[in-house]
Amino acid sequence: MRDRLTRLLGTALVAGGLALGAGAARAETSLEFYYPVAVGGPITKIVDGMVADFEKGHPDIKVKPIYAGSYQDTITKVLTAIKGGDVPQLSVILSVDMFTLIDEDAIVPYESLVKTEADKAWLKGFYPAFMENSQTGGKTWGIPFQRSTVVMYWNKEAFKEAGLDPETPPQTWDELVAFGKKLTKKDASGNVTRWGVQIPSSGFPYWLFQALTTQNDVRLMNGDGTETHFDDPKVVEALQYWVDLSRKWQIHAPGIVEWGTTPKDFFEGKTAIMWTTTGNLTNVRKNAPFPFGVAMLPEHARRGTPTGGGNFYIFKKSTPEQKAAALTFIEWMTSPERAAQWGIETGYVAVSPAAWETPEMKAYVKDFPPAAVARDQLQYAFAELSTHDNQRVTKALNDGLQAALTGAKTPAEAMKDSQAEAKRILRAYQ
Amino acid sequence: MAESLAPSVDRPSTRRPAGRAAAGQGGLAGWLLLLPAAVLLAAFTHYPAVATFLHSLYSTPRGSRPAHFVGLDNYQAMIQDPVFWQSLWNNAVYALGTIPAAIALALVMALWVNGRIRGRGLLRLAYFTPTVLPMIAVANIWLFFYTPDYGLIDQVGHLFGAGAHNWLGSRSTALACLMVVTVWKEAGFFMIFYLAALQQIAPVLGEAAAIEGAGRWYFFRRVTFPLLMPTTLFVLVNAVINAFRVVDHVVVMTRGGPDNATELLLFYIYEVAFKFWDTAYGATLTMVLLAILAAVALGQFLYFDKRVHYR
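Sequences listed follow chains A and B, in order. According to this note's numbering, the first sequence is numbered sequentially starting from 1. According to this note's numbering, the second sequence is numbered sequentially starting from 1.
Keep in mind that the hints were calculated from the coordinates and are not lab data. Where hints are given, some of them may not hold.
To be verified - Among the chain A residues that face chain B by a calculated CB cut under 10 angstroms, a handful are:
(1) Asp105
(2) Val192
(3) Phe204
(4) Pro205
(5) Lys270
(6) Gln391
Positions of the beta carbon are idealized from the N, C-alpha and C atoms, including for glycine.
Assemble the whole structure, with the sequences as input and the hints as a guide.
Set out below in structure tokens:
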């Protein structure tokens, strides 16, 4: 017994010594990098491959990619790690969590890290629509990486069957209603077998709703994230339109429509048009048993969509060497070639105009034109709803939207209540 | 061995005086034997409970702003929080709806598979299967059962001429849908306990009752059911705890929606603490949950202990 204990202790000491020796012998900077997976496909394999490529070109930097679950899991892990003291150096987290991370004093602005002219040029190279959710108070806190927008998918077979031109999607709100009426199909006993359009409203209805408000030319919050405009008449009007799709025009399923099953509804022919993220493009391309089209969302006062998705953040508790190394890594990951590769392999929108000029991307778009729809729509995009205490304010809006969609409140009442709740939450940040 | 163990296991009420006598004689040894369990209990149950209470008296620290003492402010905010009241109400409905149904169903199933029928083993296995599946998997399966139009439930409905119904997307049906999943999941688990208890009941009782001419319902009401009371108490305690403790299906199926219709207390605590990062308010809500569970457990033991026959 005693003998075994001594041996065990000896082994532990030797192992400890080895670990120390290994740490001292290499003069490289090591980084921990948390990332979430929010769309289908072999994302972890793609990330591991990109990191390996990076390390080949940068032998002095060691990156350890750690899959951290969903977006929600990732920020939970990061913030818990910060409170516990063991923090990663960089992570991909939702762009809308910027204010939360600033309020937790967790991240550093990129302006404090960029030094050379090349760095500064890189920082200016992204689509302005993506930067709206990445900058506040004149500083850049996040770098766009896996970003998306809402687009419209339509079933060409259903269009043909309803006597519509299968190559022309609805261009305006009124057209959407007119097309929807033709596309909605009922059986002999009056039950609907196919709806005209489906806009999912479970989980995060605010994101799809923001497409409607943007089309009605109204912003939901100010740039400082301290004020919301939920009770603006134009916001109420946008919600009225969404409610009317099912209540008045009866071309949209009543109640709350599940986000997760919406693509399946589309494949099953239960809805002829669906609104969902560009991130579903690869999924639809693989699984739709009929020819489909992808288009920009219809316009009202203007075209519009919110942006969505995740940004790179660098954490404050890293050493200066780690911060510099993290910047090098992020610059490499968002370089035009890499952004193009990432966009092609995942379905996310490549984040800089330069990425769309690479030969790989040009070939991809030529082969599969729907891939460019999200890019072309970017010029009409607004920042996704993001404020201080973001998730709580978002919930206030989500609750109001669901109350209106289920008929518990009128759109005006619902938005008035949401605005009052948001105002109460944001009082502390005025 | 079994003879000497049986009384101390079956009669908790007789244990206390015996324990006290032992403490008087070999106190130190007794305490030392208790130490590992006591340390674990204190570190992972008592300390967190006390710490949670203390946290609920402070504000939430954010970045450079440290926590400061706010007294009962968090509790005041809670009383004015409509979502808190809604989640409490939902949880009450949920508990009252699922617990009796799950227990009754478990008892019926246990009586059924305890009888001499063909394919008994298979039937028992079928009833127990939902228990083996993780709640996350169960919720994902039911998500598609409930899908409007082509989901299983609506497809069955179509056979009878019913139209599509948005089960999880309407305020009036969403909570009931979650309750059905819970009953389906829990009944099989409780059935196992009833089945074990039923097999402990001596067959002579049934034979004697048959000779006396007692009917099956009379026999169940006056003999079987009273003998099952210890199991019922155990199952009831577990069911109540689960009604407040298991919210995996809320996460998967509705995330508390539509408009808080399926917001259960624990799910709200999770949202407040890990989505809104308002840890102090999360602690305040946790205290309510603790108080409810303590009150229910205490009530059950005080009330039922007098009415339960331990053999």
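Hints, verified against the model:
1. Asp105: Given a least distance of 3 angstroms, the restraint on Asp105 of chain A holds.
2. Val192: Holds: closest Cβ of chain B sits about 7 angstroms from Val192 of chain A, inside 10 angstroms.
3. Phe204: holds, 9 angstroms
4. Pro205: OK, holds: Pro205 of chain A within 10 angstroms of chain B, min 8 angstroms.
5. Lys270: Cβ of Lys270 of chain A sits 5 angstroms from chain B, so the hint holds.
6. Gln391: holds, 5 angstroms
The structure agrees with every numbered hint stated previously.
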